[in-house]
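A.B. asks: Chains as they are written, first to last, in the working numbering: chain L, 1 to 349; chain U, 1001 to 1328; chain Z, 2001 to 2481; chain D, 3001 to 3349.
What the hints contain is simulated information worked out from the structure, not anything from laboratory work. Predicted model, so just to flag it, every value in this text is computed and none were measured. Please note that the accuracy of each hint is not assured.
Claimed, not checked - With a cut-off of at most 30 Å between alpha-carbon atoms, the simulated DSS-like pairs for lysine-lysine come out as follows:
id, chain 1, residue 1, chain 2, residue 2
1, U, Lys-1256, U, Lys-1311
2, D, Lys-3311, U, Lys-1203
3, D, Lys-3024, U, Lys-1266
4, Z, Lys-2174, Z, Lys-2194
5, U, Lys-1256, D, Lys-3255
6, D, Lys-3310, U, Lys-1203
Unchecked claim - Pair ranges (Cβ atoms, derived):
id, chain 1, residue 1, chain 2, residue 2, range
7, Z, Leu-2066, L, Arg-37, 49 to 59 Å
8, Z, Ile-2332, U, Pro-1017, 57 to 67 Å
9, Z, Val-2029, L, Lys-114, 49 to 59 Å
10, L, Ile-94, U, Lys-1131, 49 to 59 Å
Don't be surprised by glycine CBs; every beta carbon is placed ideally from N, CA and C.
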Amino acid sequence: MSILQPLLVRTLSLVVVFFVILFLLVITLGATGFSDRTLRSIVNEDLRGIRTGLAQTIRDPDQLESVMRERRQDLESFYDLDKAWYVRLPGSLIRVITLDLGEARNMRAFEGSKKISRIVLERLPNTMILLTTSFLVTTVIGLAVGTYLSTHPGSRLDRIISYFAAISFAIPAWWLGIILILLFAIQFRIFPSGGMYSSPPPVDSLPRFWDLVLHATLPIITLVLVSLGPYIYVVRTMTINIAQEDFVRTARAKGLRERHVLTAHILRVASPPIVTGLILGLTGTLGGSILIETVFDWQGMGRLYFETFAGTPDEGMIVALTFVFTLMYIVARIILEIMYVLLDPRVRY
Amino acid sequence: MSTSLLEVNNLELHYGPESSRVRAVNDVSLSIHESGRALGIVGESGCGKSSLSLALMRMLDNAVIQYSGSIKMEGEELMTMSDDEFRQQIRWSRISMVPQGSMNALNPVLRLGDQISEPLLYKEGPHKTTKKEAVARTNEVLNMVGLSEDIASRYPHELSGGMKQRGLLAMALILKPQIIILDEPTSALDVSVQAQIMNLLKKLKTDFGLAIIFVTHDVALASDICDEISVAYAGKIVETGTAEQILRDPQHPYTKRLLVSVPTIKSPIPPDFIPGSPPNLSDLPSGCHFHPRCENALPICSKQIPPVIAKGTKHLAQCWLLADKPLG
Amino acid sequence: MGSNEIISHLFRSGSGRLGILILFVMVSVSIFVLATFPRNFGSQIWSDPSQWADYPKAAPPQWVNLISEESRPKHIVLKMSQPGSENIYGGSRTNQYSAEFVHSSNEPPSFLSISFSEIQFHTRAPQIRISLLRPDNKEIVLFRHIVRGPRAGETSPFSRYSESDYRTLLTSDKIVLNNVETFFKTSFKDFRGKAFNPDIARHAIFGTPIFEDSLNQTEFTPLTGRYEINIQVISDPRDDIGPMQFVYGGSVYGFMGTDAQGRDLLKGLLFGLPIALLIGVGAALLTALIGTTLGIASGYIGGWVDICIQRGADIVANIPVLPLLIFLIFIIGSKLYLIILVLVAFSWPSLAILIRSMVLQTRSSQLVEMAITLGASPTRIMTRYIFPQTAPFVFAQLVFLIPSAILAEAALSFLGLGDASIPTWGQILEQGFRSGGIYVGYWWWVLPPGLLIVTTAMTFILLALSMEQVTNPRLRKRPLQ
Amino acid sequence: MHETKKGYNETVSSSSSTLVQIKKLQIQYTVRTGLFRKTPLYAVNDVTLNIPQGETTALVGESGSGKTTLGKATLRLLDPVAGTLLFDGKDITKTSQSKLKPFRRRAQEIFQDPYASINPSMTIFQSIEEPLLIHDVGDSSERRRLVYEALNDVRLTPPDLIGSSYPHSLSGGQRQRVSIARSIVLRPDYIVADEAISMVDASSRMEIINLLKNLQHIHGITFLYITHDIATAQHFADKIAVMYMGKIVELGTPKQIVQNPLHPYTQGLIAAIPEPDPNNRFHERPVVTGDPPDPLSLPNGCLFNPRCLKKLGPTCEMAIPILEVTENNHAVACHLYPNASPNDPNHIT
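Take the sequences, apply the hints, and build the full model.
C.D. replies: In structure tokens, the structure reads:
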């Protein structure tokens, strides 16, 4: 009877999934020795600071060394480095969740800090701009076109769109991005080829915003194009399937306008599976953002992820970014699951 | 002769591709003389009786290739109306229906009350009401069909089969139509619930003067409510008459066999079956469509379509055996 | 519905026929590649820069000449193994090698190079002189080379350049440039006093100077026509001189052009085809095998087996794939088989969930209940009643999994996580992108691999779509009621 | 093998010994009623019934009455939680599935849906041969003979033509005869026919019933005929058991049940059956009111008391009536008949 129960069940199960992923992540890190290395680098970082502090008071190098050794032992036992990785598991888990992963090797936040959490969190909004905008655009266009097609099944446009859907599934987002750069940035010079702002960026807020819009256009078009095709297809197929149900015939028999039958009956019933289609598309969009940010040099988490592999890989950054991506995904999933439950009274029990 | 409430003449409905044209409704004529009467259309599955009810509601599929004949309601010809006029003025407001397959006939994500009141709120025309009036009218029709008012806020999956069927009936009554078409309204229900619904229909018929077109495969069930019965076979009406005439004095061989195939409780004689199976509507036998299954078929039956023979007032049957001088 | 029905559906729809046609072409090409390319093509040839030294760098395909007004020089390789003339005079032999080529472009070649191999001498080191005879009958002596003499402790005969060729890039060699300058100063009187800029050497060799006072530097008009390269080797008559190769570096190359390292993209792209098919089909087959087995086990055996498999599938099906894929490949390494295994690890759940639901459906079906009533064994029920019902779906899913795997590998490669020992289309694209190729418009480097990925993926999608009518009962045309 | 069996059947068909004996049988389903809560649902509750050799026993009831569950239980397709099941004198309540093979050869089922119960990719011959293959009967010519015999028995002729065709070329009635042929090809002693005619065209239902009666006559098969249709059942059954909410509420000969129903529920059922009589439309039919109770929250006392028109008051709301014999082996579970004697399986056979 209560709507809360299914909501709770779905949210809880996703939270469980989240923790299981996290747990597996930490186990992988521990078992392969990555967490050892990460912690050791934190210890070394701390020691360097301590050494410069101590060097002012202790002049004797031997004494300094022995004090340092003591400090090292203290620190290692503080970080539990003297214990096996599986003993440290809970600690590591908390460390990952709180993004307490020390400092980045060779990356800095725009404001100069080397703390991994700062670097990652600084990029988060940039990624969100791309993701949410393209997600919304896809949803709106997909719904409109998919619904339109469902009322014209078998038409020329319908066939064109079904091929478009297949191509859109077959095209790697990043490659499409490259093509768009070649075409619109290099050949026709309509849009900038990458980055978030021109250099130097405009100072006033309105031109600055416009500059951002210009830079965001190509990446967003890319993300929309690759996820739109399959989504239109899902909307269309779902709507056509629903349109064949008996209750639609009942609605028509009532002498209601076709438009009303479509919106109040067909689309209303098709909406839960359409939300499921969005959930499926979410994985693609999130993965796509990593690649798209790379292609368009967009200063988001995806670009950052690419950079951490490009040079000397930075374990701390990789863990942090994987974690934040997973978190984003799970949060988005929970929102969509809640929508699903609200839309479909049948799942309430 | 005064004008009938509904008079259907030579109705045809064919659909499908030209190569395998399905002749679902073939030269069908029916009439309901006045309100408070019930006409039964009885026939086996695949005889086109569901297509007939859809044809009366002008609920046409894209694949329809022929839709012709005359449907007059109180003397007014409906076939010449535009689709929009028909939808606004006739469908559901003057002729409504309870569709077949009650289990899926309700929208699963809308509350029953909202589905019942929908035509009052969203259908253009004189019956358009305020939300408040719609709720009041919804409660009224729910009471008419024996449901309590709190059912209005339930979703279909929270209702039993009988409740859904009553809900659909309430929905069909919302605009106070003159005629209501019931397409196999009880076939998915248990006997006791079926009997409840039949009693309800009788009450609606007598108390509110509702005219009913009752489409069913079950002659016994039809006898429960129908004043007139038309027997459908292969898209045609092969015999029509009052309930007494059809049930007590059937003329067409098909009607006769249909009646003896009904298992009954009272008679100790076991029912008999009709050999063979009904024909495919896209590949009908020549002449009389029943001749391949008819024991008394004459040579002419396979060659020519039989004439309609009057066997009494209002009692008509289409069969060569009834012709005065059967040819051949 | 049986397999016959699927196949007949494939051939009935246009997209199915197109898909089968492309697939046939792809499989034929793959067989050709596997038969003609060495197994270790990736590590021994593709990623070995010395293999690609005599190729033009970042050259577009030859056929661009057909569509642009300017015709750019084509790549010419002249191999000389037998001397054109041989003169023995006083204990020394002079071998004259020569070869002709036509320079027809307004643009000079991107480079000139010469290489010798397998020289064996007995006493004196052979001397080599290389000159170019121009269409204006002037001869430029480009280069003189004396093969390295005997080392201490070395015994005759002395073998040189047998392991690796001796190669000189003529257009950037200081001595060559000096020689060219000398040539112009002696052949064209007006040239004296003018500075000779080494940057214009290529234009100079294939052009005639224009002297105008308005210009502060000499310019050259292109000199097109027949050129002749002459190589004179003076050596002991007993000495062996191996084949020589002169390369006139084009600005366009082959059918697909070259990348920044001069690699022939056609070869790389060809080799990528069987690899892409291997990744796609391999991952899809494994996924289908694991997914179907787990799905049937989960649905038919039930109980705790079902619970374990379903929970596992739930978790894997609910994760953001790409970030974790990247993470895993980064941790465990980017060998091709590992990539395939990780792809399988991420893709089995959807199939297992689908198969399980089908098994549950068929398990309670009247058909299976009948088999149980008849006393059929569980094995017979699973193989004869349950598996045949799921088989078409498994097959359709398998076809659909192939493009997914190919695309996933390409994405990983594009992020630099591909298996470096095996060139894939994704890796070629990655190099094109990372070297900044797209910003200077190296379209032939980034378009074809992407197009190939899309075409391959499309082929399987077409096949999957044409089977959808069979496997998705909701899409089957229903008769009107 | 078949010859000896036939003889055995002939000898026992004259006497009325019991083939299937059901004693206090209970079948339970668990229904998930909440996040962690499961509630048992008794689909068959404390049922005792004897199915006599060579006769037809009909189980009649509305949907949800447990008649199908009971039928499946007698075939050991479901495991009882309590009670015993004897087949030909042997207790098979707890026999493992692998040891049931000899029983499976003697007990068969005919299904409701002739479209879903025949494998569409097998020829008719293969479908009917399948039971013979499973039980390793004869060589291929012997099997061919038996399949053709079965096809002849169900009047699908010529057998070789029918045998080589596929199910899609047959009508519903013909398919149902195929499934009957399949169930008799092993010459079983016992057949459960679950709504075997409800999906066949109304006009040819009696044809199938006549066929089954004829087969019973020839082969001495014992039928358990499950149906919601008393009108047809009375022409096939030797005994009718009326079920309501998992219990047998009345048991008697068709004549007793139809002409002299004792239980108010049976009376309601009989009254609800329409007869083709033009006078019907002038009077209301006496009917059982309301809907069956929610199986998860059953009423106390007699399960029918909330709908009963002849309710005696507190007795019916408190005490559960047990099946008792009134006269001439006519048994009823109702407080209206206090003089009946307790159900004794030996009395009512």
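A.B. asks: Confirm or reject each hint.
C.D. replies: Hint-by-hint comparison with the structure:
For the given pair, U:Lys-1256 sits about 15 Å from U:Lys-1311 by alpha-carbon distance, which is consistent with the 30 Å threshold. Among the hinted pairs, D:Lys-3311 with U:Lys-1203 is consistent with the structure: their alpha-carbon atoms are about 26 Å apart, no more than 30 Å. As the CA atoms of D:Lys-3024 and U:Lys-1266 are separated by approximately 34 Å, the hinted pair breaks the 30 Å bound. Annotation: proposed proximity of Z:Lys-2174 to Z:Lys-2194 holds, straight-line Cα distance about 18 Å (limit 30 Å).
The hinted pair formed by U:Lys-1256 and D:Lys-3255 meets the criterion: a straight-line CA distance of about 26 Å does not exceed 30 Å. A threshold of 30 Å between alpha carbons decides the hint, and for D:Lys-3310 with U:Lys-1203 the separation of about 24 Å falls inside it, so the pair holds. Judged by the Cβ atoms, the range 49 to 59 Å given for Z:Leu-2066 and L:Arg-37 holds: they are separated by roughly 56 Å. With their beta carbons about 58 Å apart, Z:Ile-2332 and U:Pro-1017 fall inside the hinted range of 57 to 67 Å.
Hint check: Z:Val-2029 to L:Lys-114, Cβ distance near 51 Å, so the stated range 49 to 59 Å holds. Restraint check, L:Ile-94 to U:Lys-1131: a C-beta distance of roughly 54 Å satisfies the suggested window 49 to 59 Å.
The earlier numbered hint that this structure contradicts is number 3, and it is the only one.
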